[in-house]
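Peer 1: Listed below, chain by chain, are the residues.
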Amino acid sequence: MNPRRILAIAYKETLQVWRDPRSLAIALLMPLMQMVLLGYGISLDIKHVPLCLYDQENSQTSREMLQDFTASGWFKTAAILGSNRAVRAAMDNATCIGALVIPVNFSRVLAQTGQAQVQAVFDGTDANTTNIATGYAQGVIAQTAATFARRWDAQHGVRPPTAGSINLQSRVWYNETLDSRNFIIPGVVAIILALVGAQLTSLTVAREWERGTMEQLISTPVTSTELLIGKLSPYFLIGLLDAAFCLLTAAFWFQVPFRGSVLTLILTTALFGIVVMGIGYLLSVRIHNQLGASQIALMLTMLPIAMLSGYTFPLDQMPAAIRAISFLVYARYYVTLLRDEFLKGSSLAEMASSIAALLAYAVAVLWLAARAFRKRLD
Amino acid sequence: MNTAPAVIAQGLTKKFGTFTAVDHLDLEIAKGEVAGFIGPNGAGKSTTIRLLCGLLRPTSGSASVAGYDIVRQPDIVRLHIGYMSQKFSLYGDLTVHENLRFFAGIYQVPRPQIPERIAFAVSMAGLEGREGALVRTLAGGWKQRLALGCAILHRPPVLFLDEPTSGVEPEARRRFWDLIHTLAVDGVTILVSTHYMDEAEYCNRIALIDAGRLIALGSPGELRRHELGGQLFELACPILGATLAAARQAPGVIEAAIFADKLHVLLRAGTSGEALLAHLATQGMEAGPIRAILPSLEDVFVQLVSRRQKVGP
Chain V
0 MNPRRILAIA YKETLQVWRD PRSLAIALLM PLMQMVLLGY GISLDIKHVP
50 LCLYDQENSQ TSREMLQDFT ASGWFKTAAI LGSNRAVRAA MDNATCIGAL
100 VIPVNFSRVL AQTGQAQVQA VFDGTDANTT NIATGYAQGV IAQTAATFAR
150 RWDAQHGVRP PTAGSINLQS RVWYNETLDS RNFIIPGVVA IILALVGAQL
200 TSLTVAREWE RGTMEQLIST PVTSTELLIG KLSPYFLIGL LDAAFCLLTA
250 AFWFQVPFRG SVLTLILTTA LFGIVVMGIG YLLSVRIHNQ LGASQIALML
300 TMLPIAMLSG YTFPLDQMPA AIRAISFLVY ARYYVTLLRD EFLKGSSLAE
350 MASSIAALLA YAVAVLWLAA RAFRKRLD
Chain X
0 MNTAPAVIAQ GLTKKFGTFT AVDHLDLEIA KGEVAGFIGP NGAGKSTTIR
50 LLCGLLRPTS GSASVAGYDI VRQPDIVRLH IGYMSQKFSL YGDLTVHENL
100 RFFAGIYQVP RPQIPERIAF AVSMAGLEGR EGALVRTLAG GWKQRLALGC
150 AILHRPPVLF LDEPTSGVEP EARRRFWDLI HTLAVDGVTI LVSTHYMDEA
200 EYCNRIALID AGRLIALGSP GELRRHELGG QLFELACPIL GATLAAARQA
250 PGVIEAAIFA DKLHVLLRAG TSGEALLAHL ATQGMEAGPI RAILPSLEDV
300 FVQLVSRRQK VGP
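So the sequences go chain by chain: V and X. According to numbering that gives the first Met the number 0, the first sequence is numbered sequentially starting from 0. According to numbering that gives the first Met the number 0, the second sequence is numbered sequentially starting from 0.
Derived from the structure by calculation, the hints contain no laboratory data. Treat each hint with caution, since some may be false.
Said to hold, decoys possible - Think about it this way: if two alpha-carbon atoms lie no more than 27 Å apart in a straight line, the pair counts; the simulated DSS-like pairs of lysine-lysine are:
{"no.": "1", "chain 1": "V", "residue 1": "K46", "chain 2": "V", "residue 2": "K75"}
{"no.": "2", "chain 1": "V", "residue 1": "K374", "chain 2": "X", "residue 2": "K14"}
{"no.": "3", "chain 1": "V", "residue 1": "K374", "chain 2": "X", "residue 2": "K86"}
{"no.": "4", "chain 1": "X", "residue 1": "K14", "chain 2": "X", "residue 2": "K86"}
{"no.": "5", "chain 1": "V", "residue 1": "K343", "chain 2": "V", "residue 2": "K46"}
Taking the hints into account, I'd like the entire structure generated from these sequences.
Peer 2: Take a look at the structure:
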């Protein structure tokens, strides 16, 4: 391995990227576009769920509770109804997808025992929305309950263990704001890095074959390892810059909480970068035209990452067979690591298995890539 | 300085599937020689050069370049050669200087020597003042000379040029050959392929190649004098067709062909032009005058190829 040859290739490659509008767009514009598109466009959150209200009691307490619901922003009042039959009708004709029924003795029971019940009915056709909306409803009720508990304290001076509980209670870990963006954005970073990395590198060797410059290059003493390192290093730096941009945007623009170590984040990102770029390079070496290589790179990165990395579709809800396949998708480890670092602040020991998997991939891909290139025409 | 040949090929053969591109080629090129590969398109010239550069693996046979085996030591061979492929293969999106700088790095030209070598290559290509121009904006002749400049940055002892002048206008071709001879004077061994017969005259030695086989090897003079196995005559005559038919039947005639408005007749050694005229006169053919001429390389090539086809491979 000769550092001068590696440097010559790296410099040449940098000049070519700089002068190639297509590569430049992939390197600079794609991360920005994807970050905006995926960051804002994809959201599993539901806002302003149309909710019907049937307040059988119509007391001050019950009105306060309804007030909490509309003030949350998650629900909007679709209609105020006066009978169970009206609730049924409103659900049937989809005026609302949920109804909140406050029983006639709600405030009285609450005042006497410190506990009460409210009934929430949801349209089960859209299971996903219902799930989420139920979660939101619990959140609002918990909030109302807390207010009652404080009031109870003030009035009675003592707090019975059960005071201020309105039945439904759930707790959400890591993502207290129930904002699915926090869950998605780290995955978006992975997808962008994979897309940009594999796309750029899938062009690099194929371009030489396509333009006939490869024949000259392989008649020189350059070795396949020098070519690999020389060609990948500029893209690796570009990839790290792109990653830094995406991660900073995630943390500061989208306000995804970051609880891990920056050093671990950089190291795992570098590992992932090596894997995706190595795959792009491998394709480029094998497929001698730019279009073919970049199309296959897209298929090998985008599809499995979108589907099987756990970036949007939670892996633990998939059938066992598909979950087994997902272990082959290198991106799942990085997505997992990103969430560990951003949301959980996991320790190194907790992330060790994911890091090991990524490292194994990186080593394997580099090994294959270094061997794939043959300095012959036949 | 040892005097071993710069290029040796023994039984060099390359098959692509059932097609034999290079067929048991034996060749030796001495140091400092300008050797020409002449032959029609598809004769196997490029394949031979690629084999010698280590870009293709021979099906059988062996070859060495600058003393190194092309199969066992391809990377050492690559250190000692410069190669210019048939298709232009510099980076069009890099400037003249950037291309030169790139190949200087790849060939590990010692750093202190880089500016001087690049300056030499630029002046050789006649590109002074255009070092900053993107290579794709250059005209054909300049591109070719720049490609040559890139191929000799590391001062290789052996240079392979595959149809370096194809698609280049005549004046630029002539300048290119001047460059080749300048390099040869400095002791560089040069193997150059071309399908321009007139360029063959610039070579010290010529290998005529057809259908993957070496059909003649020698200096242009040798080939013209000896390869045909007879003396070539130019015969003027009023009725070309009938005279040609009669001449082919005449004793001592190896071959006869129409050449423009005259006949070219190859006579066996010992047969005189006058004897042919006398024979034709007995057939009632009026012909003359007749004079001995030196065949062009094209004559030689056409004769040798058609003879091979008659005999069969």
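Peer 1: Determine for every hint whether it applies to the structure shown.
Peer 2: Now the hints, each set against the structure:
1. K46(V) to K75(V): Holds: K46(V) and K75(V) sit about 9 Å apart, inside 27 Å.
2. K374(V) to K14(X): Holds, at roughly 19 Å.
3. K374(V) to K86(X): holds, 18 Å
4. K14(X) to K86(X): Within the cut-off at roughly 22 Å; holds.
5. K343(V) to K46(V): Answer holds: K343(V) to K46(V) is near 26 Å, not above 27 Å.
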